[in-house]
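For the protein sequence lines, the chains are R and L, in the order given.
full-length UniProt numbering applies: residue 1 is where the first sequence begins, and numbers increase by one.
full-length UniProt numbering applies: residue 1 is where the second sequence begins, and numbers increase by one.
Calculated directly from the structure, the hints in this document are not laboratory data.
There could be a bad hint or two in this list.
[Said to hold, decoys possible] Just so you have them, the derived chain R footprint on chain L, three or more residues with Cβ under 8 Å:
(1) 77–89
(2) 96–108
(3) 222–236
(4) 284–291
[Claimed, not checked] Taking beta-carbon pairs under 7 Å as the criterion, some of the chain L residues facing chain R (in silico):
(5) D93
(6) A278
(7) P296
(8) L299
Yeah, the Cβ is synthetic: ideal placement off N, Cα and C, and Gly gets one too.
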Amino acid sequence: MKSLSVSKAVTALMLAGLVLLPLYSHLTGNIFILTLFTRIIILALAAASLNLIMGFAGLMSFGHAAYLGIGGYAVGMLAQEGVGSGFIQFPVAIAASGIYALVIGALSLRTRGVYFIMITLAFAQMAYYVASGLARYGGDDGLTIYTRSDFSGLIDLGNRTQFYYLCLACLFGVMLLIWRIVNSRFGLVVQGLRSNEQRMQAIGFPAKRYQLVCFVISGTMCGLAGALLANNTDFVSPAVMYWTRSGDLMVMVILGGMGTLFGPVMGAVVFLLLEELLSQITEYWALILGPLLLLIVLFGRGGIMGALGRAGRG
Amino acid sequence: MLLVVEQFLNGLQFGLLLFLLAAGLTLVFGIMDLVNLAHGSLYMMGAYFAATFAAWTGSFLLGALMALGATLVLGIVLEVSALRHLYGRDHLDHVLATFGLILFFNEAVRLIWGPAGLALPLPAWLTVPVPILPGIHYPAYRLAIIGVALLVALLLYLGVMRTRIGMLIRAGASNREMIGALGINIKLLYTLVFGLGAALAGLAGLMQAPILTVQIGMGENILILAFVIIVIGGIGSIRGAFLAAIFVGMIDTLGRAFLPNLLRQVLSGAAASTAAPALSSMLIYLLMAIVLVVRPEGLFPANRR
Numbered sequence: 001m002k003s004l005s006v007s008k009a010v011t012a013l014m015l016a017g018l019v020l021l022p023l024y025s026h027l028t029g030n031i032f033i034l035t036l037f038t039r040i041i042i043l044a045l046a047a048a049s050l051n052l053i054m055g056f057a058g059l060m061s062f063g064h065a066a067y068l069g070i071g072g073y074a075v076g077m078l079a080q081e082g083v084g085s086g087f088i089q090f091p092v093a094i095a096a097s098g099i100y101a102l103v104i105g106a107l108s109l110r111t112r113g114v115y116f117i118m119i120t121l122a123f124a125q126m127a128y129y130v131a132s133g134l135a136r137y138g139g140d141d142g143l144t145i146y147t148r149s150d151f152s153g154l155i156d157l158g159n160r161t162q163f164y165y166l167c168l169a170c171l172f173g174v175m176l177l178i179w180r181i182v183n184s185r186f187g188l189v190v191q192g193l194r195s196n197e198q199r200m201q202a203i204g205f206p207a208k209r210y211q212l213v214c215f216v217i218s219g220t221m222c223g224l225a226g227a228l229l230a231n232n233t234d235f236v237s238p239a240v241m242y243w244t245r246s247g248d249l250m251v252m253v254i255l256g257g258m259g260t261l262f263g264p265v266m267g268a269v270v271f272l273l274l275e276e277l278l279s280q281i282t283e284y285w286a287l288i289l290g291p292l293l294l295l296i297v298l299f300g301r302g303g304i305m306g307a308l309g310r311a312g313r314g
Numbered sequence: 001m002l003l004v005v006e007q008f009l010n011g012l013q014f015g016l017l018l019f020l021l022a023a024g025l026t027l028v029f030g031i032m033d034l035v036n037l038a039h040g041s042l043y044m045m046g047a048y049f050a051a052t053f054a055a056w057t058g059s060f061l062l063g064a065l066m067a068l069g070a071t072l073v074l075g076i077v078l079e080v081s082a083l084r085h086l087y088g089r090d091h092l093d094h095v096l097a098t099f100g101l102i103l104f105f106n107e108a109v110r111l112i113w114g115p116a117g118l119a120l121p122l123p124a125w126l127t128v129p130v131p132i133l134p135g136i137h138y139p140a141y142r143l144a145i146i147g148v149a150l151l152v153a154l155l156l157y158l159g160v161m162r163t164r165i166g167m168l169i170r171a172g173a174s175n176r177e178m179i180g181a182l183g184i185n186i187k188l189l190y191t192l193v194f195g196l197g198a199a200l201a202g203l204a205g206l207m208q209a210p211i212l213t214v215q216i217g218m219g220e221n222i223l224i225l226a227f228v229i230i231v232i233g234g235i236g237s238i239r240g241a242f243l244a245a246i247f248v249g250m251i252d253t254l255g256r257a258f259l260p261n262l263l264r265q266v267l268s269g270a271a272a273s274t275a276a277p278a279l280s281s282m283l284i285y286l287l288m289a290i291v292l293v294v295r296p297e298g299l300f301p302a303n304r305r
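Given only the sequences and the hints, what does the whole structure look like? Please build it.
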């Protein structure tokens, strides 16, 4: 019981901090921290969606950044064509990610293990090259989004605080959804498939169908993150889909603790803050971050959540 | 005709180069079951070492030889200090840890050699065009790459199939506990295999260096190609890697060379010239997706029980 309370306390503290951050930003006049944390929250959302398939369903997708790009390009392309309404842009972003996930999921789920890692990577690289070839939408150079999604006065995405809270609300909504999914019958089947697919199939569950649905849900969530990210940077380019981006997302999930509800959020916060802090200390921050990742893999089993659990017991 | 022969040879040359990279990757993958994303970094280090040593010694060949040795040593150091501890771990751990190594190597290179790329000039005797068919000339250096890579492929084949070390390597690939139980020093064997893979990657990097610029991140795109190759060829299979590498090299090169013209016959000029580069970059991934959908274990899966 005590181990639970330590990780719970830290999680609660982190969530409270995220809710109160704009207040701190207003009081100190530190606008930068608000911008930084908006980005962190959006990527935490993406990491949480990856965790749904990686941590709970055991499907190691190495192409998750593709959804960030698809969501982002949906917003950017519609804005370019004069469709500025967020009520159209966001559903399109989510639907496009879902359709992409359905297609590549149906193909990728035929493979297992390392082959699955590689085929998801290959599809994401394909998406990357498609985006590079979109000459009308900036091609390699990317697409500048001149107007953010317009929610007809309901919420103003140009306002930093309002946008921050929109992202936070999306994150909380997705976390709630993931929590409900994981504890539903569907979620239990998917987790059962992770531990023993053959046995689940023998019981009579259509394994592929369950995994595919989970894969699509995860993709749509990440598509939402992509739409938010494009609004945050006012820009979308093929670079958001590059494979190192997918690697970053994986790192966040594993760093935080794969298969825990709040681990990926914690992982995103720590990873991006670390990147920010190290880049302030030295231009060569990756020189420290790289070996740090290696050490975390070698010695830190279960990520931050695992460490907190051990701290609670010890 | 001239263009076809030339592009065909370019494809062969690129494919053989990819094979050098993929061979090390598939050996490490097949024998130690290690997913090494940092293999591309070794390729990059090979190119940087060669450019540096060649500038020091003033000789291309001497520089290349020293670079080969240096990557071998680097690979062994890397294996002993870090990667050794990852054997038997989850593949995901490998991905994460070696992803960290990529960050480290890219940054270390930026610190040591600076952000600008290096050039590795060729000696004069390698730049002459050689007549290969009546009226058709081909650069000597690219022919040299084909020759060296074929020689290495042959040596690798003989080494793995005909020598005692090769026998141990194959035994290790099919059952690592058993050869450990038979009293073989697996640790040493693994270090050797990793060093060999590193040297092959370094060789690919230093041979590619005079054709492209030596720059940070050069290993990443080609690493993905190498992974595509070993997945198409079947993980752990050198024969599969060889065939898949040639295949991928050909498709990539020929696609880039001829796809724009082919498309122009179907599409309007503007549409074709924007679609062609993206489509030719996608071809390989498309190929891999098709292969995996049809044969989820790759074309030539290594014989495993």
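| field | Violating hint indices (sorted, rising) | value | 8
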